[in-house]
Each structure stands twice: as structure tokens, then as C-alpha cells.
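Visitor: So the sequence lines, in the order shown, correspond to chains X and B.
Position one of the first sequence corresponds to residue 452 (my numbering), numbered consecutively onward.
Position one of the second sequence corresponds to residue 452 (my numbering), numbered consecutively onward.
It cannot be assumed that every hint is accurate.
One copy or any two copies: either way a pair holds, since identical chains are not told apart in the list.
[Said to hold, decoys possible] Calculated pairs, DSBU-like style, for lysine-lysine (alpha carbon to alpha carbon, straight line, at most 30 Å):
hint	residue 1	residue 2
1	458	555
2	458	713
3	536	678
4	466	678
5	469	678
6	456	469
7	713	456
For the record, the hints were derived by calculation from the structure and aren't laboratory data.
None of these values were measured; they are calculated from a predicted model.
There are 2 protein chains.
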Amino acid sequence: MRCVKCKKEAYTSIKAPKAGFCAEHFLEYFLRQVERAITKFKMFSPQEPVLAAVSGGKDSLALWDALLLLGYKAEGLHIDLGLGKYSQASKQLCCQFAANRGVKLYIFSFLQTYSLSITEIARRTRRPPCSVCGVVKRHLINTLARQTGYRTVATGHNLDDEAATLMGNLLSWQEGYLARQHPHLPAKDSSFPARVKPLVRLEESEIRAYCQLRNLNFYENRCPLAKGASSSAYKHALNMLEEEMPGTKRRFLFGFWEKEQKRFSLPAWPELKNCQICGNLTTADVCLCCRLMQKAGLDPLMPLQFEIVSPADGAQPQAVQTAYCQEPR
Amino acid sequence: MRCVKCKKEAYTSIKAPKAGFCAEHFLEYFLRQVERAITKFKMFSPQEPVLAAVSGGKDSLALWDALLLLGYKAEGLHIDLGLGKYSQASKQLCCQFAANRGVKLYIFSFLQTYSLSITEIARRTRRPPCSVCGVVKRHLINTLARQTGYRTVATGHNLDDEAATLMGNLLSWQEGYLARQHPHLPAKDSSFPARVKPLVRLEESEIRAYCQLRNLNFYENRCPLAKGASSSAYKHALNMLEEEMPGTKRRFLFGFWEKEQKRFSLPAWPELKNCQICGNLTTADVCLCCRLMQKAGLDPLMPLQFEIVSPADGAQPQAVQTAYCQEPR
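Let the hints inform the model, and build the full structure from the sequences given.
Guide: Following this line, the structure appears as C-alpha cells:
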């Protein structure tokens with residue numbers, strides 16, 4: 452196969468539309484897809500600083516790398532879930548990336564602040580780990596973004612992630628989620644920064660090829676808690692259909708955002724009020740995160756310790772600063 | 452496993468909700484599902500005669516059998532596509548069924564009327580066989596139903612068929628099809644009889660168990676033209692998800708009809724007019740079936756020959772009558 456642009460031998464290829472790319476033009480293609488997502492969904496302007504939520508996996512490190520290559524001011528935030536080897540390795544890869552690029556990385560550690568891993572917190576709340584992790588991480592990300600002045604948080608969700616979520620929401624007709632699922636959730640007053648997904652036009656296989664091309668060290672294994680997650684089943688089903696009918700995922704996801712999502716707008720959005728404990732916006736008297744913390748026997752207002760790996764540290768990542776943040780009552 | 456009703460040893464089981472049934476109570480369960488679909492979607496009353504479109508496969512013969520068991524007046528219509536052994540065997544099984552039950556069966560043969568199989572007609576029109584077959588069969592079914600005074604045609608579409616169709620329509624956001632897909636499409640003036648799908652609450656595996664229990668001889672192989680049909684891919688994907696999350700297909704399909712389909716109602720239905728050739732209702736000047744016939748070099752107004760296997764024939768099926776029908780201009 453040859454590069455569709457320069458006819459050199461292809462470095463990699465995409466399936467829908469079928470096209471080969473040499474290394475140079477694949478990079479160009481990839482970055483253009485990121486840029487198009489940012490522009491099309493009005494995610495942020497070139498001047499706006501962005502906080503990239505990085506797990507150490509391929510998607511989030513590719514995201515951070517692409518944002519920097521495109522000239523955006525992007526710092527990182529890593530949450531260390533306290534899951535043994537998986538967490539240690541993931542954190543180290545994020546630190547390496549930050550040190551190599553000379554960019555700032557914020558690190559929050561569950562063990563450091565709560566003396567508990569996410570597994571233990573989930574066990575105490577008797578809820579599935581992925582559900583607890585999602586709620587608590589969202590709270591932590593919002594809190595740190597606010598404390599450090601970020602109005603936009605970017606995550607590495609890709610086309611496969613979003614198509615799988617959409618399929619799950621349609622199969623059980625989750626009207627609220629269908630109304631809300633979007634690559635750009637705008638900021639809500641001062642408590643919630645905007646959430647954006649600049650990789651939404653790129654498939655997992657394309658991101659993998661990008662990581663290889665850019666020589667990115669990422670942690671290959673999935674989170675040990677995510678085994679058997681229903682999103683895997685949806686992805687598997689979609690990939691099977693994509694194999695038979697190339698373009699299915701893209702048509703499905705972008706068709707939804709372009710034409711169909713408006714059908715699912717909720718008749719009335721629930722009224723938001725301030726959580727009686729942490730003050731964050733919520734639909735209940737006490738937000739879900741504070742309720743989970745209480746159920747786990749933790750103080751929802753406990754100071755959250757963040758380490759910061761700053762560009763001044765040089766190649767060796769080390770904790771040089773600790774930030775405390777507490778929500779106003 | 453034991454029968455959920457009488458605790459006898461189970462003859463078969465269903466997965467969502469998980470339950471075992473002895474032979475007697477499985478039959479009761481199955482017929483109740485058919486009856487519920489008929490009632491819930493207001494398909495037809497016990498007095499109304501119904502024309503069952505039968506291919507000779509498990510679904511349509513189970514449908515015909517269940518309708519007769521429930522006391523409905525159901526006669527059959529079989530369309531012989533002229534596909535060699537597949538068509539011969541299918542037709543014979545339909546004839547056997549009709550003769551055993553002493554019920555009337557109408558048979559239309561492509562070779563007899565057109566001297567061409569559906570494959571040859573499709574080849575001449577340069578369209579996929581399944582698409583041509585769908586259009587022409589619909590025309591034939593409507594025509595015979597009208598000629599014989601039937602206002603309702605029942606087909607054997609089951610839960611798997613409908614869930615797969617829904618998934619396909621959602622993946623490519625076929626708004627018109629999403630608005631129309633329903634187990635009961637009401638009759639439209641005198642040209643179109645109502646189309647109903649009484650097996651829509653039953654899964655393929657349940658229908659298979661019913662056929663075994665009722666000792667129904669059906670043709671096991673699929674239509675030779677349907678190989679690689681996208682509906683198979685959707686069914687496969689849905690069955691994979693059902694395996695991991697039992698109840699997925701049912702929740703998906705009935706959730707759609709109960710709450711969500713209204714979101715897809717078309718802003719304006721296209722205006723229907725009479726086909727300039729056959730007089731049937733259509734959105735174009737000449738209906739698609741007449742256009743296909745012309746493209747295949749056939750006269751759209753050719754008299755359609757039907758054989759009738761009547762209860763008077765006894766055990767041996769034989770052609771005893773020929774009906775001609777021609778659409779008014």
C-alpha cells in the first residue's frame with residue numbers, strides 16, 4: 452500500500468475511508484483530526500490553557516502529546532488509584548512524559564490522601580469499583596482544575612469509547628445520558644470546568660499507530676478493575692460490525708451528534724443546587740461524591756494532597772510541591 | 452432445571468427472565484406471548500381472517516401453527532422463488548403443513564408466472580437480490596391479499612429479526628425506517644393490507660424449541676441468497692451482548708416501541724399517489740416494483756398465477772386452482 456498523499460510506501464493505513472499514509476502524512480492526518488474535533492466542537496482556543504487528564508495509557512498520552520505538538524498549552528493531571536503495580540507503572544510513565552517534555556504534571560494519590568485505594572473505598576460503599584472511581588475522579592479533577600485556574604479539562608476518550616457508550620445508552624434507552632453525551636460539555640459556573648474529548652474523531656487503532664510513530668511509552672494493560680466492563684462488549688460488537696461494514700462506527704457516532712441527538716433533549720433539566728457539604732453543584736442535597744465518601748467512613752472535606760512534577764525538576768520526576776484544596780462550605 | 456410453574460423437570464428454558472418450563476407450560480408460555488403481541492399491538496380480532504406468509508422456515512411455520520392453535524382463521528401464502536432445491540423443499544414443507552392441518556395454502560411461483568427465478572430478475576435489474584426480492588414479494592403479497600379479500604397479512608418476524616433491524620437502522624440513522632418499523636403496520640386504503648408480526652415477543656431459540664415440541668417439519672437452511680446479509684451481522688452482535696447481559700434485546704426493542712419511537716416521527720410523510728402502471732399507492736409516478744419489472748424486461752401487468760392447495764385435497768398437495776390477478780390501471 453502507498454501513501455495517499457505522496458505515494459511513498461505506507462507506514463500505516465486507515466480503513467474508513469480506506470487510505471494508506473507514510474509516517475509524515477499520517478502524523479499530519481492525525482493532528483488534523485485532533486484540530487478538527489477541537490474546532491468543530493468549539494472546545495477551546497489556541498490561547499486557552501488545557502488540563503489533560505492522563506492515566507498513562509495510550510489514549511491520554513497520545514492526547515497530551517498531540518496537544519503539545521499542535522502548540523496548545525497543556526499541563527497534565529494524573530490520578531494514582533493505589534492499585535499496586537498497575538498504578539506505579541502508570542504514574543511513572545506520566546512522570547517520564549512530563550519530564551521529557553518539560554511540562555507540569557499534577558499527581559493526586561488515593562493512598563496519600565485517603566490511605567485507601569479505590570478498591571477499598573468501593574468495597575466500603577458496596578458499589579462497583581468503576582462507578583465509584585468515575586464519581587470520585589470527576590470530583591478530584593473538577594477540584595484541582597478550579598484550584599489551579601483551569602477552565603477546560605481534556606480526556607483521551609476516542610471514537611471507539613464514544614461509539615461504545617452511545618451503543619450502550621441506546622440499547623437500554625438511557626434518555627438522560629443520550630441527551631448529555633457530547634465531546635464538549637461546557638463549563639458550569641465556577642465549580643465545573645468544561646470537559647472536552649479532542650481524540651473523538653480517531654479510532655483506537657489509529658491512536659496505537661500514533662503512539663508507535665511518536666515513540667510514546669504507555670502502559671499497555673487495562674485498569675485491573677475494568678475487567679468484564681460492559682463497554683468492552685459494546686466495543687467488541689462494534690468492531691465486528693466495522694469489520695463487515697467499514698465506516699459503521701463513524702457514521703453511527705457523528706450521525707448522532709450531527710442530526711439525531713436533538714431528539715433526545717430532555718423536556719426539563721433537573722434543577723442544580725449547591726451540595727450541603729462541599730458546595731459543588733448537584734441535583735441532590737448532598738452530592739454523590741460526598742455521600743460515597745461518608746459511606747466509606749472518610750471525611751468529604753479532607754484536604755486533598757497533590758504533588759506537582761514541574762518542568763524545573765529536570766529528567767527525574769520528584770514531588771516538589773504539595774497543594775491542599777478544600778471545597779468551601 | 453425445573454418448570455417454573457409445576458416444578459416438573461424442565462423441557463426447555465428461557466434466559467431473560469431466566470426460567471425453566473415443562474413441555475405443557477412452555478406451550479402455554481409461547482402461545483401467551485403470541486396472544487400478547489396480537490392484543491398489545493391491536494393486530495387483529497379473533498374473528499378476522501389472517502393470511503400467513505410462509506417460507507417453509509421455522510419462524511413462519513411456527514407462526515401459522517400457533518395462530519391455528521389459538522383458534523385464529525389463518526390461511527397461508529407461499530412464494531416459490533425458483534431457487535432450485537431450496538425452493539422445492541420449502542414449498543413441499545408448506546404444502547405438507549397445509550394438508551396435515553386441512554387449511555388452504557396459496558402458492559405463487561416465480562418460474563410459473565415470469566419464467567425467471569428471483570436471482571435472474573435481480574441480475575437483470577443490477578440490484579442486490581434481497582432488495583429486489585423484498586420489493587417484488589411485498590407487491591405479490593399485497594396483490595393476492597387484496598384479490599382474496601384478506602385485510603391482514605402476518606409474517607414470522609421474531610424478536611431477533613426486529614432487534615437486528617432496529618440496530619441497523621440506528622447505526623446508520625435511517626430516520627424514515629425508524630419512524631415506520633412496527634409490529635403492526637395498519638392497512639392503507641384498499642391497496643395495502645395490514646402487516647403484522649405476532650412472533651415479535653419471541654426469540655429465535657424459543658421458536659426453535661416450539662417447532663421441536665410441536666414436531667414441525669421446517670426447512671433448516673437459510674435462503675441461499677441471504678448469505679452475508681448485514682442482518683446476520685447485527686444478530687450476531689446482539690446475541691453476543693445478550694449472552695453477557697441477558698435481556699438486552701428485549702429491553703432494546705420494546706423500550707424503543709414503548710417510549711422512544713415517537714422521537715423519530717417524520718416531520719411530514721411523503722404524499723402517496725397511484726402508480727401510473729399498476730395503480731398501487733407509491734411516492735413516485737411509477738412504483739418501485741413496476742420499475743424493477745420493466746428493468747428486468749417483464750410486463751408489470753402480467754397476470755399473476757397462483758396455485759391453491761385447498762383442504763379438500765387431502766394429504767397429497769396438488770394444484771387444484773389457478774387465480775389470475777391484474778391490477779386496475
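Visitor: Hints first: check each against the structure and report whether it holds.
Guide: Quick rundown of the hints versus the structure:
Taking the shortest alpha-carbon separations for residue 458 and residue 555, neither the intra-copy value of 40 Å nor the inter-copy value of 67 Å comes in at or below 30 Å. Within a single copy, residue 458 and residue 713 get their C-alpha atoms no closer than 42 Å, and across copies no closer than 50 Å, so neither meets the 30 Å cut-off. For a Cα distance limit of 30 Å, the shortest separation of residue 536 from residue 678 inside one copy, 16 Å, qualifies, whereas the shortest one across copies, 48 Å, does not. In the homo-oligomer, the alpha carbons of residue 466 and residue 678 lie at most 30 Å apart both inside one protomer (28 Å) and across protomers (23 Å), since each shortest distance falls under that limit.
Only between protomers do residue 469 and residue 678 lie at most 30 Å apart by alpha-carbon distance; the minimum there is 24 Å, versus 32 Å within a single protomer. Proximity of residue 456 to residue 469 under the C-alpha cut-off of 30 Å is restricted to the intra-copy arrangement: shortest distance 13 Å within a copy versus 56 Å between copies. For a Cα distance limit of 30 Å, the shortest separation of residue 713 from residue 456 qualifies neither inside one copy, at 37 Å, nor across copies, at 46 Å.
Of the numbered hints listed earlier, those contradicted by the structure are 1, 2 and 7.
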